[in-house]
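Participant: The chain contents come next:
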Amino acid sequence: MHVGTDKAIIDSLRLELRRGTLVLSVLSRTDEPKYGYALVQSLLEKGVPIDPNTLYPLLRRLETQGLLISEWETSGPKPRKYYRRTELGTEIYKELRNEWNQMAGAMELLMKEES
Amino acid sequence: MDDKDFELMERYIYQVVRRLPKEQRDDVSMELRELIGDMAEEKESVREALVALGDPAEFAKKYAGESRYLIGPLYIDTYWNVLKIALTCTVIAIFSITLGQGIVERYDPGLVTDLGSIIGFVTYLFSTTLSNTMNSAIGIFGIVTIVFMIMEHYKVDLEEGKDKAWTVDDLPKKPSSEKDGVDERAIWTPERLAPVPGKKAMLPRGDSIADIVFSVIFGAILIFAPHILGVVWVIEDNVIGKGVMTIPIFNLDKWNLILPVFLISLLAGLTDAILRVIIGRYNLKVMVSSIVSGLIQIVCSVTLFKILPIWNPHFGNELRRFLDNEFGATEFANYFDPVWFSNVILTIIIIATMVEVGITAYRTLRYGLNEERSEDKVKA
Numbered sequence: 002m003h004v005g006t007d008k009a010i011i012d013s014l015r016l017e018l019r020r021g022t023l024v025l026s027v028l029s030r031t032d033e034p035k036y037g038y039a040l041v042q043s044l045l046e047k048g049v050p051i052d053p054n055t056l057y058p059l060l061r062r063l064e065t066q067g068l069l070i071s072e073w074e075t076s077g078p079k080p081r082k083y084y085r086r087t088e089l090g091t092e093i094y095k096e097l098r099n100e101w102n103q104m105a106g107a108m109e110l111l112m113k114e115e116s
Numbered sequence: 006m007d008d009k010d011f012e013l014m015e016r017y018i019y020q021v022v023r024r025l026p027k028e029q030r031d032d033v034s035m036e037l038r039e040l041i042g043d044m045a046e047e048k049e050s051v052r053e054a055l056v057a058l059g060d061p062a063e064f065a066k067k068y069a070g071e072s073r074y075l076i077g078p079l080y081i082d083t084y085w086n087v088l089k090i091a092l093t094c095t096v097i098a099i100f101s102i103t104l105g106q107g108i109v110e111r112y113d114p115g116l117v118t119d120l121g122s123i124i125g126f127v128t129y130l131f132s133t134t135l136s137n138t139m140n141s142a143i144g145i146f147g148i149v150t151i152v153f154m155i156m157e158h159y160k161v162d163l164e165e166g167k168d169k170a171w172t173v174d175d176l177p178k179k180p181s182s183e184k185d186g187v188d189e190r191a192i193w194t195p196e197r198l199a200p201v202p203g204k205k206a207m208l209p210r211g212d213s214i215a216d217i218v219f220s221v222i223f224g225a226i227l228i229f230a231p232h233i234l235g236v237v238w239v240i241e242d243n244v245i246g247k248g249v250m251t252i253p254i255f256n257l258d259k260w261n262l263i264l265p266v267f268l269i270s271l272l273a274g275l276t277d278a279i280l281r282v283i284i285g286r287y288n289l290k291v292m293v294s295s296i297v298s299g300l301i302q303i304v305c306s307v308t309l310f311k312i313l314p315i316w317n318p319h320f321g322n323e324l325r326r327f328l329d330n331e332f333g334a335t336e337f338a339n340y341f342d343p344v345w346f347s348n349v350i351l352t353i354i355i356i357a358t359m360v361e362v363g364i365t366a367y368r369t370l371r372y373g374l375n376e377e378r379s380e381d382k383v384k385a
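Line by line, the protein sequences give chains A and B. Using this note's numbering, read the first sequence as starting at 2 and increasing by one per residue. Using this note's numbering, read the second sequence as starting at 6 and increasing by one per residue.
These are calculated hints, taken from the structure and not from any lab test. Predicted model, so just to flag it, every value in this text is computed and none were measured. What you were told as hints is all true, and nothing was included just to trick you.
Here are some chain A residues pointing at chain B (derived, C-beta under 10 Å):
(1) ALA39
(2) ASN54
(3) THR55
(4) TRP73
Calculated cross-link-like contacts (lysine-lysine; reagent style DSSO-like; alpha-carbon spacing at most 27 Å):
(5) B:LYS48 <-> A:LYS35
(6) A:LYS79 <-> B:LYS48
(7) B:LYS67 <-> B:LYS48
(8) A:LYS113 <-> A:LYS8
(9) B:LYS27 <-> B:LYS160
(10) A:LYS79 <-> B:LYS27
(11) B:LYS67 <-> A:LYS79
(12) A:LYS35 <-> B:LYS66
(13) B:LYS89 <-> B:LYS160
(14) B:LYS66 <-> A:LYS8
(15) B:LYS67 <-> A:LYS47
(16) B:LYS67 <-> B:LYS160
(17) B:LYS259 <-> B:LYS311
(18) B:LYS66 <-> B:LYS27
(19) B:LYS48 <-> B:LYS9
(20) A:LYS79 <-> B:LYS9
(21) A:LYS35 <-> A:LYS79
(22) A:LYS35 <-> A:LYS95
(23) A:LYS35 <-> B:LYS67
(24) B:LYS89 <-> B:LYS204
(25) B:LYS67 <-> B:LYS27
(26) B:LYS67 <-> A:LYS8
(27) B:LYS89 <-> B:LYS290
(28) B:LYS290 <-> B:LYS204
(29) A:LYS47 <-> A:LYS8
(30) A:LYS113 <-> A:LYS47
(31) B:LYS48 <-> B:LYS66
(32) B:LYS160 <-> B:LYS290
(33) A:LYS47 <-> B:LYS48
Positions of the beta carbon are idealized from the N, C-alpha and C atoms, including for glycine.
Looking at chain B on its own, in the form it has when it is part of the complex (with noise of 0.2 Å):
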């Protein structure tokens, strides 16, 4: 073997060892070099022993085996729904967002009639909204795609058929002998099945995905650009030209405190309406999640409707100041009352929220658990 064979050879071992983890590199290395040499030999090139051999990339795989995955087969179907419903949400909402941000605050009635600045505008517009929705969906791809890394890593599980209530009985036996100490829940038995859920326990995926559509889109805005949750208008004045003006109807100030108390809330059913999309079907844990996201909902709406001082306190006066009665904002301004107005939205939030749990407890109760019997009924 000539120096140009030596070098051709070490450069293959590198294509494959270096596909391989650290600890096997060496080892592998000497084990490669022997065969390589005794091919060679029998071969009389290294060169046709190279060819023999195949596709180095190939070859490392081999060595690293089927069992080495980021996301295994059991998560990854989960994980394509997940990624696509998490992506165009944040897309559109981005999108959107950036873009309606970027033409409150930069539009100018005045640059419409200068090619130059209606030029400049768009391109403001594009490269901003474009720049922040990409970041975010790689933002999003990345969450999401470590939240499945580490379901894989730890196989959490996803599967039907263990959620029912913990008893006694699931603690596995002590292992008195080598047969006993096999895991019974690892064993597959046809009693393990899942029934197929009916038609009335199945839940409306469309639904569950709006909401979360909303959630993101609203907690975006609220993140984002809360200024533009109120009274928008152009105004042309003398002294600081064409603008645009925002009365936000939230209190800015304490912003801070605001904005947590809501995200949580947000939070919270972003969560349940995950979990609904992947379970696909009322049952208890859907139940269980759809009541805690409710009494978090709940407590969250009376945190922000009654204690905190939610409503922008200067939200009336401004109106008076700057819009001279324009479309009736006086009016409008005497008559708003916010501890009247913050009744009737956490009216109407307790009480959809509680229709909601209600409508979900209903059906698991009545549909959703009705199969887990028909299953004890298979096994008896």
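Looking at chain A on its own, in the form it has when it is part of the complex (with noise of 0.2 Å):
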């Protein structure tokens, strides 16, 4: 097989692999408000990138879900947006949370026994 095929197959299952697990990203780190930028460094720090374009987008759709909710701080020198959890977002955070333990717990298992 083509090596560049390869790779595009790679990086779209990664994209995918990763993409299910950005919600409950952004929903740990915003139990205090935060920024966008802010969320993107601070998730960064912690060895998940998540670009900018796809972090926006997702803030606000999960302000409409009401899993967020935002305001904006304009006593700054600029304008900032500051995210945070809603109660509801709180709740579904903790279950996700219990979710993706046990999914990883699965995982775990399943790759040992594979190798």
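Could you fit the two chains together into a complex? Lean on the hints.
Facilitator: Below, the structure written as structure tokens:
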């Protein structure tokens, strides 16, 4: 098989694998109000790189779903929009976290057996 | 950030927000100013920041989400099918009618001798057929698209399995707790799988498409060129020169009464045929549609042939006057009895319609419903 195709397949699979974890990553960092780019950086620090052009639309979507709430902070040198988890967001975050832990454990088992 | 950078940033933001709904634009603009500012600080140039963000059109798509469809995945296949059939019918019908009409109206045996007039004649034919065909194709494209946009908007159900007669059990439960509020029909269960139609329950698609093509062509002739239905011949006259004469068989003086009835009848048949193509198998919907459209067609035919003055009252006289017993025209005119002619046509229409409705009803009851019974077995 062509090397370029291989890479394309891996890239698209990796993207798919990561997509589901993004909501969880964002919810985990928003117990305190954070603005968009600070979120990008704090996620990157923890080894979760996310493109701003993915994150910003995602934040907006989570807000319409009621998981996040936003507020414009206009007192600083430039206006910033801060996002924070709502009560519903916290509840859902906990459920997703349990789900993730179970899944991670199961995957661990699966792949240990395989190797 | 200097003026040039600022200008660049504003241009980028504009390219993103102009693709978004109006009510989001201001807020997203502010958000992006914040983001690009932050990124530019880190990367030390606005240009770098914009390169990292990538194509504004792609960015806008992510903001818009994936749910904004004009015609979504639920309908797109049916849309393409219907569009293909509708466009083919229209193009064939309008093309042949405009061409035929152009030839009948403009043809003059004398022009064959002159190259200039041949070219003029061909150019005329070419431009009228082309523009008429294009216009109608665009019109049909628009109509089909609008119909499907509306279906998408209201999520009209084309799926199988919900066409059983309504019963009291279909009433949604009154929500007493949160769980009960969930619409059970929205929950997919394997029992709701529509059975694979048996061979005998399948509707031959070709027949329905032939029906559609015929209805469209006949309808277009009735609307645009009813006068070509009749006797057409080329004359050479010393006074008026060479030309094409027609004696229409229909009563064009009363056409404003006759045409609507014709069109209602054709439209009933057309709707039925389109439904058959979409559903593709015998079932209750198809049977009901067949019966209703058959009834409409019979009522229209009786109105046309027994009540309305459908035939050109001067047909016989004009035949005698203009054709001077060429090709036995006078004899034909003498024998031509409109009442008898109406009766024959009406009988043929009624028998043909009843046979078609009968076949549909028989096949539906025999094969089309069988599978719904076997579906019940799955449930049991």
